[in-house]
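S.K.: From first to last, the protein sequence lines stand for chains A and B.
Positions in the first sequence are counted from 1; adding 99 to them yields my numbering.
Positions in the second sequence are counted from 1; adding 19 to them yields my numbering.
Hints in this document: simulated from the structure, not taken from any laboratory.
Note that the structure is a prediction, hence the values are computed from the model and not measured.
Treat the hints with care, as some may be off.
Unchecked claim - Below, a list of computed lysine-lysine pairs in the DSS-like style, where the Cα atoms sit at most 30 Å apart: (1) B:Lys150 <-> A:Lys192; (2) B:Lys176 <-> A:Lys186; (3) A:Lys191 <-> A:Lys371; (4) A:Lys261 <-> B:Lys38.
This is what each chain is made of:
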Amino acid sequence: MINNKRNFSLNVFERASICRHFENEVYKRIVKKEIEFPVYLSAGQEYAPATIAEIVSKKKIKPLIFGQHRGHSIYLSFGGDINKLIKELKGKKDGCTYGMGGSLSIHSMKINMYGHDGFMGSNACIGTGACFSSKKPTIIFIGDAALEEDYVLASLSWVSKKKLPILFVVDDNNYAVLTKKDERRDWEAKELAKAFKMQSFDMMDDPMKISKYLKKSLFKKPTLVNIHTQRIFWHAGAGKDKENVFDRYLQQKKLLGRKADLLDEKIKKRMKLLWEKN
Amino acid sequence: MGKELRQTIKTITSHHLKKNKSQVFGQNLTGVGWVAGTLPKLFEKDGVIELPMADVAGGGIVTGSALMGKRPIYIIRYQGYNWFNCIFIVNYACKSNAIWKIPCPMMIRGISSEGSIGPVAGSAHISTIYKMPGLKIFSPMTNKEYSNVYKNFMKSKDVFYISEHRSSYSNTKEFKNDLTGNKDIILMPISVTRFAAEKAKLILEKKGFSVGIIHLVNLKPFLIKSEWIKAIKKSKFGVLMTDNDYVDGVLRILAHQINEKTNKPVSVLGLDDKTAGHHKKVDNLPPNELKIIERVKIIIKKK
Numbered sequence: 100m101i102n103n104k105r106n107f108s109l110n111v112f113e114r115a116s117i118c119r120h121f122e123n124e125v126y127k128r129i130v131k132k133e134i135e136f137p138v139y140l141s142a143g144q145e146y147a148p149a150t151i152a153e154i155v156s157k158k159k160i161k162p163l164i165f166g167q168h169r170g171h172s173i174y175l176s177f178g179g180d181i182n183k184l185i186k187e188l189k190g191k192k193d194g195c196t197y198g199m200g201g202s203l204s205i206h207s208m209k210i211n212m213y214g215h216d217g218f219m220g221s222n223a224c225i226g227t228g229a230c231f232s233s234k235k236p237t238i239i240f241i242g243d244a245a246l247e248e249d250y251v252l253a254s255l256s257w258v259s260k261k262k263l264p265i266l267f268v269v270d271d272n273n274y275a276v277l278t279k280k281d282e283r284r285d286w287e288a289k290e291l292a293k294a295f296k297m298q299s300f301d302m303m304d305d306p307m308k309i310s311k312y313l314k315k316s317l318f319k320k321p322t323l324v325n326i327h328t329q330r331i332f333w334h335a336g337a338g339k340d341k342e343n344v345f346d347r348y349l350q351q352k353k354l355l356g357r358k359a360d361l362l363d364e365k366i367k368k369r370m371k372l373l374w375e376k377n
Numbered sequence: 020m021g022k023e024l025r026q027t028i029k030t031i032t033s034h035h036l037k038k039n040k041s042q043v044f045g046q047n048l049t050g051v052g053w054v055a056g057t058l059p060k061l062f063e064k065d066g067v068i069e070l071p072m073a074d075v076a077g078g079g080i081v082t083g084s085a086l087m088g089k090r091p092i093y094i095i096r097y098q099g100y101n102w103f104n105c106i107f108i109v110n111y112a113c114k115s116n117a118i119w120k121i122p123c124p125m126m127i128r129g130i131s132s133e134g135s136i137g138p139v140a141g142s143a144h145i146s147t148i149y150k151m152p153g154l155k156i157f158s159p160m161t162n163k164e165y166s167n168v169y170k171n172f173m174k175s176k177d178v179f180y181i182s183e184h185r186s187s188y189s190n191t192k193e194f195k196n197d198l199t200g201n202k203d204i205i206l207m208p209i210s211v212t213r214f215a216a217e218k219a220k221l222i223l224e225k226k227g228f229s230v231g232i233i234h235l236v237n238l239k240p241f242l243i244k245s246e247w248i249k250a251i252k253k254s255k256f257g258v259l260m261t262d263n264d265y266v267d268g269v270l271r272i273l274a275h276q277i278n279e280k281t282n283k284p285v286s287v288l289g290l291d292d293k294t295a296g297h298h299k300k301v302d303n304l305p306p307n308e309l310k311i312i313e314r315v316k317i318i319i320k321k322k
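Just chain A, with the same shape it has in the complex (with noise of 0.2 Å):
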């Protein structure tokens, strides 16, 4: 059991590494004024995209994924080609969205995740159609801000109300840009979704705690998960919001010890090779 439970870690561990040193390269590139246009980093925020992928992977489900902006660690987290993704920050062709999708807007059918179109929540509804149409199970990954948008809002109800086998996350990360949660609302994601007698959870990005939740209930009932992330870079760009700001990823690789420090060395060394490549 407590291996099973260190070897659940170490592969959530390493989906995270991924996306966290993707991001390093991609900041430095920003910062050299490589890439030029609207980059929305996800560092800080890889947490819940490695664990539920990590679930989804043990159960061998594929579902349907519909992210929005900082989507790098979604697509990373589920699998997405890493040069294509390179590519595409590149704006090449042969990127995973043919260089039309910048950062914003990326897609990988290989692992069934389709592009956003800007409008922050859109995937809500969009995801809601196709879930329903297909009747595949689905992920939708929206953030605090996009939870208030009305029609996301008219999208948990309909989920509810058709019984779709949807989990809708929540990546609360406090910031509509830099608008605060509470200077914009009164109402906590778990309680409006309880109030459209959904399933809904309000946790912190622990792995432990994300799994133990999600792996029984997943896709048999409408399921809206809140989850606590701490973003480290800005909203867009490169550049950081504060210091010292709460970081999982150094947290867990400190809990899970030797192992993690080497695949953390591995992982960084490979990215940077990679970025070099493409």
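Take the given structure of chain A and dock chain B to it, following the hints.
M.R.: Quick look at chain B alone, frame taken from chain A:
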């Protein structure tokens, strides 16, 4: 007596649901006259899906269905709701093939109507979405035209917007273009104004004017046929276009294209640039035959 257009739409919809295992989405479908008798009496198990009264989300839900290759039909009961219903369609479904190489075909039935029904429920509103790439727009008013548009939709990877009009549902006739001989003026009507233009043509001809007519069904892409160009160039006074959308919209866009190709004057008659109210005293109606005749006379007099 021939078949009414409403029956053709109903038959096409039935066939689309049964043969293609598709879905029809909309609000208040299964009742209140079954969309003026154009929808077969079917329910969710058959593919007729009642959406929640959330117009913006509704358009997104249909987009998701289209993304899964279902080729859904989406019924918008009043075209004024295009503002809400089409946000994700024009910004996702219409761009999906260009950005992600994933076609997202759907057929939208946008219904227009006129008279004492206010600025949202009244008239056509396709000008709001016309500019968006990846969208095809048609305005069939006859059985053959509707069937042809549907056939093309089934071969296409695009989003089709069908601009319907309630007054056309009882129509049993087909329309023919008339470009024979040298015309004084050529009418180019759209949607419900095609019925009025036909009447105006007859009256004007009785009064000795030679009037041609080109019925416009394919609005986007708008292809101007060579025989149209020839006839317009030969005409004495050019073209009068008519529509049931506001005059400063699609109508002027198309008029400009015709003018560019023919170098002939192109006049337009659509809804006035004013807001309609909810009573017949304060309507903003599309041009009827009298208005068309009056405008033709003014054009001819000016010369």
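S.K.: Now tell me, hint by hint, if it's right for this structure.
M.R.: Hint check results:
Taking the CA atoms of lysine 150 (chain B) and lysine 192 (chain A), the gap is near 26 Å; set against the 30 Å cutoff, the hint holds. A C-alpha spacing of about 27 Å is found between lysine 176 (chain B) and lysine 186 (chain A), which places the hinted pair at or below 30 Å, so the restraint holds. Of the supplied pair hints, the one linking lysine 191 (chain A) and lysine 371 (chain A) holds, its CA atoms being roughly 19 Å apart against a limit of 30 Å. With a C-alpha separation of about 24 Å, the suggested pair lysine 261 (chain A) and lysine 38 (chain B) falls inside the 30 Å cut-off, and the hint holds.
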